[in-house]
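S.K.: Sequence:
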Amino acid sequence: MSINGPNLPATVPYGPARGQPNPHPDRKVIHVGDQDVQLQVQVGTIILELEDDSYIPGIEEAVDEVFADKGFSCTVQQGRYMKTKPTVSDYARYGPDADEKILGLVDPGKKGGPTIIQGTK
1 MSINGPNLPA TVPYGPARGQ PNPHPDRKVI HVGDQDVQLQ VQVGTIILEL
51 EDDSYIPGIE EAVDEVFADK GFSCTVQQGR YMKTKPTVSD YARYGPDADE
101 KILGLVDPGK KGGPTIIQGT K
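Position one of the sequence shown corresponds to residue 1 (my numbering), numbered consecutively onward.
If you're looking for bench data, these hints aren't it; they were derived computationally from the structure. Any given hint might turn out to be false.
Stated by the list, open to error - Keeping only pairs whose Cα atoms sit at most 25 Å apart, straight-line, the calculated SDA-like set for lysine to any residue is:
| # | residue 1 | residue 2 |
| --- | --- | --- |
| 1 | Lys101 | Gly19 |
| 2 | Lys83 | Ile59 |
| 3 | Lys83 | Gly5 |
| 4 | Lys101 | Pro25 |
| 5 | Lys101 | Ile47 |
| 6 | Lys85 | Arg27 |
| 7 | Lys28 | Glu51 |
| 8 | Lys28 | Gly5 |
| 9 | Lys70 | Arg27 |
| 10 | Lys70 | Ile56 |
| 11 | Lys70 | Lys83 |
| 12 | Lys28 | Lys85 |
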């Protein structure tokens with residue numbers, strides 16, 4: 001799973017309030033799998049990598065149930081949206097033997113690594 005959107009820095013990065021806490025209402029803790037994860041971006045796009053198509057009707061039903069009453073527009077699309085081969089950023093950050101599960105998830109400007117939640121089959 002990859003969540004994409006504008007960055008939500010914990011502190012103001014520039015301007016007269018530089019370095020001050022940046023209280024933003026969209027910086028929330030969400031529950032994914034069996035872990036709580038602090039959002040670091042304002043959610044714009046959620047990309048899921050699935051092992052087979054049988055999960056898609058359940059995902060569409062859950063999305064409709066959550067967003068139908070709130071006036072948000074959303075769509076569920078099928079396709080290949082995640083990288084399958086290392087990018088230059090992947091190579092620079094993780095080297096030639098990078099774990100294939102994190103390919104394409106590199107933010108070159110980020111100081112830490114990606115948040116990895118190990119799922120169960």
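S.K.: To test your reading of the hints: which numbers does this structure violate?
M.R.: Hints 1, 4, 6, 7, 11 and 12 are the ones this structure does not satisfy, whereas the remaining hints hold.
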